[in-house]
Amino acid sequence: MQFKKFIIVFLLPYLFLIACSTGSALNINQSEIEYIEITFFKEFAERNTEHYKTIRKSEDIKIFIDAINTSKPINGDVDMPKGDYNLELKFKNGTVDVFHLWIPKDNNPYGTLINKENTAEAYQINKKTAEQIRTIVLK
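The working numbering puts the first residue of the sequence shown at 1, with every later residue one more than the last.
Among the clues, some could well be false.
Claimed, not checked - Heads up, simulated DSSO-like pairs for lysine-lysine below, C-alpha to C-alpha not over 27 Å straight-line:
#1 LYS72 with LYS62
#2 LYS57 with LYS127
#3 LYS57 with LYS105
#4 LYS116 with LYS62
#5 LYS116 with LYS82
These aren't lab readings, by the way, just hints derived from the structure by calculation.
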C-alpha cells in the first residue's frame, strides 16, 4: 500500500511534467491572429519593414501557426546563417510576434524558426509543414 501512495504522490506528477514538456514550447492561438506579414530577413533580433507578402487567408494562417506550435526544439547551440524571411504575427489586440524563418529551396526538407525575442533557441519545422509553407511563400 505504501508503494502505491509513493507512485501516486511522487511518480505520477513527475511523469506528467515530462509528458507536458515534450514538443514545442511555443503555443500561439490561431484565433488571435489577424494576419501574418512576411518580410525579408536582414539581421537577427531585428524587424525589417520591407514588405514581401501578407497572409490573410485563414487556411494559410493555420499552416503557419501549426508549424510554430508543432515545431520541435533543436538541442544544443545553434549557429545559423542569415535567415530567409521574418514572419510578423499581427494579433487582433495590436501586438506583434516576430519569428525568423529558414525555409530552404534546396534539398533540405525541413524548416527552422527562431523567435526574434530569443535567438538562442531554434525550432525545427517538420517536412510536411515546411513544404506547405514553402508553397505559400513562393507562390
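Could you grab the alpha-carbon distance between LYS57 and LYS105 and see if it respects the 27 Å cut-off? holds (23 Å)
Sort out whether LYS62 lies within 27 Å of LYS116, counting only the CA atoms. Holds, because 20 Å separates the two Cα atoms, which is no more than 27 Å.
Against the 27 Å threshold, does the CA-CA distance of LYS116 and LYS82 hold or violate the hint? Answer holds: LYS116 to LYS82 is near 13 Å, not above 27 Å.
Agreement of LYS57 and LYS127 with the hint, judged by alpha carbon distance not exceeding 27 Å: holds (22 Å)
Does LYS72 pair with LYS62 here, judged by a C-alpha cut-off of 27 Å? Distance ~17 Å between LYS72 and LYS62 Cα, so the pair holds.
The structure fails none of the hints (numbered hints given earlier).
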